[in-house]
Amino acid sequence: MVKRTLTLLMLAALLLGVCSFLGWGKPPKVVGLFVVSGMAVGSLYALGGIGLVVLYRATGVLNLSNGAIGALGVMVAWQLQQWQIPETATWIIGIAVTTLMALTYGRLIAPGLAWRDPVVKAVATLGFALIVLGITAFAWEDDIRKFSLPSDKIAYTLLELRITLTRVIVVLSALVIVIAVWFYLSKTRTGLNMRALADNRDISALIGIPIVKTETIAWGISGLIAGFTGLMFGDLVRLEPFVITFMVIPAISAAICGQLRNLGAVLIAGLCIGIIESMMTLSPVLKSVRPMAPFVIAILVLMWVQRGRTNYFAGN
Amino acid sequence: MKKMTLISLIAFGSLSMIGTASASDAVCGLDNGLLATGESIKVGGIYGNAAPGDFSAATDAAGAYFKCVNENGGIHGRPIEYMVENDQWNPELAAQAAAKLVDDEAVVAMVGNSSFVEMSVNAPMYAENGIMAMASGCAVSECFESSNIVSTNQGPLSSSVGAAIYAIEELGATNISCIGMAIPSVGNWSCGAVQSYMESKGLNASFVLLNPAAPDVNSALLEAMASGADSMLVNLPAGLGIAFLNAAEEQGIADAYSWTSSTPLYDASVPKALGSYWSGKLFISAELTTIDGAGPDNQNWLKVMDAYANADDPRDTFAQSGYLSAKYFVKTMNQMAPEKVNDRAAVTEAIQGINGYTSDLMCGPYYVGKADRHMPNHAGMIVEVRDEAFHVVRDCFEYDGPYFQPILEAEKALGLR
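Residue numbers (the numbering used here), protein chains in the order written: chain U, 1 to 316; chain S, 1 to 417.
Worth flagging that the hints you see were computed from the coordinates, not collected in a lab.
Idealized CB from N, CA, C, for every residue including glycine.
Please note: incorrect hints may appear among the correct ones.
Claimed, not checked - The calculated PhoX-like cross-link candidates involving lysine-lysine, where the alpha carbons are at most 20 Å apart (straight line), are: (1) S/Lys331 - S/Lys67; (2) S/Lys42 - S/Lys340; (3) U/Lys153 - S/Lys272; (4) S/Lys281 - U/Lys153; (5) U/Lys213 - U/Lys187; (6) S/Lys67 - S/Lys303; (7) S/Lys412 - S/Lys370; (8) S/Lys67 - U/Lys146; (9) S/Lys42 - S/Lys67; (10) S/Lys331 - U/Lys146.
Claimed, not checked - Sample of chain U residues with no beta-carbon within 10 Å of chain S, all distances over it, derived: (11) Gly23; (12) Ile203; (13) Gly208; (14) Val296.
Using the sequences and the hints, build the whole thing.
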């Protein structure tokens, strides 16, 4: 608990330090604009990171295919909209497709790798991601497309920056998902099973935890989050499968900042990464290296929390 | 979507091609209706097709034109064997593709090249091997500032300067923020030319370079807004450009600035993707004539595409550009002595001798000449996005500015001015 708090404090200090350095001498209003803008992107990173951590905590699999699955989901939703299917139905079907994809992997492929090293499991999901991306790219050739939600038309003003309802939904969803998942894992029987499974699969099996059922639920939840995240990415970033697929990379950075465990830290880290990345635009020197920000932050946090102890890929 | 219908299109297309090809009234090469025979003349072409973009439109169109030429007398009766390679945006593959075509296959020229990766990598190789590349999709400075590459398209520099000229003269811009890509030889090169142009007119400009790997376009928008500009010039690939304009729409600032763009946003799917918000507010520089242009050569391009290209091959600016490069190549080859058309050095010399070719597809004359840079296409038109369609608001006009001075001098020397 103390260490988690220290990690959060470290992230906050890093954020404050970088923002002060980059925003020094700039009008507060300008700094405020960039902070708010960064929060909007950061909430997307956080959402992606939360999806990763939820599955990792339940199954021990770092699912690198979340981005690709989400991209497929939003492309399906877009395609259905072109066929004049009601919007609500397209979102539901898009999320259903991602859930189905995640369940397919979880039921058909993941069990075969259950006893392998976590790195092998992670690399297998990367392979799955590339297959899904290939299918998506085959079905939808490179073209100009736009995916929008009705909530884009409603906006609020914060520090003179207009924030659409969609962005508010993303931030609130990240918060709600963190709370809901924490509650689910902490307070329900299935959540307890998931934690036990992630900690030690052998013993969990011996004491009678229904492994297949528990993991199926975890993969289903992961697919749901990936579907929702894909819809948000498609709307707020770009409807390009390649871009959405690799949004999983900064999401991994956020997840690593939360040590693949602490959902609160993932949320804060995602927001920090987004804000720092946005603030780097203010520096003529650093703005060209903005894409490095998620990884530099993840490395700094890793160095802080590691201190010769945790090995993420050999936890079992 | 396109792939979903591919099988049916191939089936239908292969049947219908038999009838339409022969029934087409497209005019190609010698236009004598005779099938070319004998030893083929090898011609190469390299395009890029992998995520995130497919730039095969130019080589598709050049290939369609060559097919038509082969059914209409070829080059002095001999057929063209058009050999096309995909570099997949990979510099190593680009170098391999060029080595295969230039060294192994001994092609006499490259036509329709449309990979900016390939051009950066292979420009010195073309010069060393004395081969000309009649490109169709130049985007980087190395492509335009090379002795052995000449393109029918304008690239980001010319079309951005064209957009800036329109912004000043018609939209009252005094301070432009050019939003470009943070890719060497692209964003800083093209937006830098806009800045030089503005400064040469006593006006202000700045540029914001967007990292293509960064998903956040809001920061670039805020940076552009903070620059004090009164006009925004979007100089981005279409997907990123749409994302940038979406961010601007989110901020509701379309009326606070004038908006122009370089050519990438001149794509048939852009007006619908942008929606009604941008109707009447965005002006785009078009490098070649409009896709539905009524000129005889543009109509001929459409006929060639209908008769000889696949049904789902794009009918866009790059396809126009590929057709034009192929047409000028064939015209040049047919003007050569028949015994010289397989001699690379002679072909290179003939291409370098091209001067004053005209087409309604291009606003100005096409020429090559022996020079360390080539940019024959530096005049264009402006289209407005209105009611989910494009409308021409300014017909052909020539661009000026410091960057074009040496080019204009070269044209004077060639007697074009």
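Which hints from the list above does the structure break, by number from lowest to highest? 8, 10
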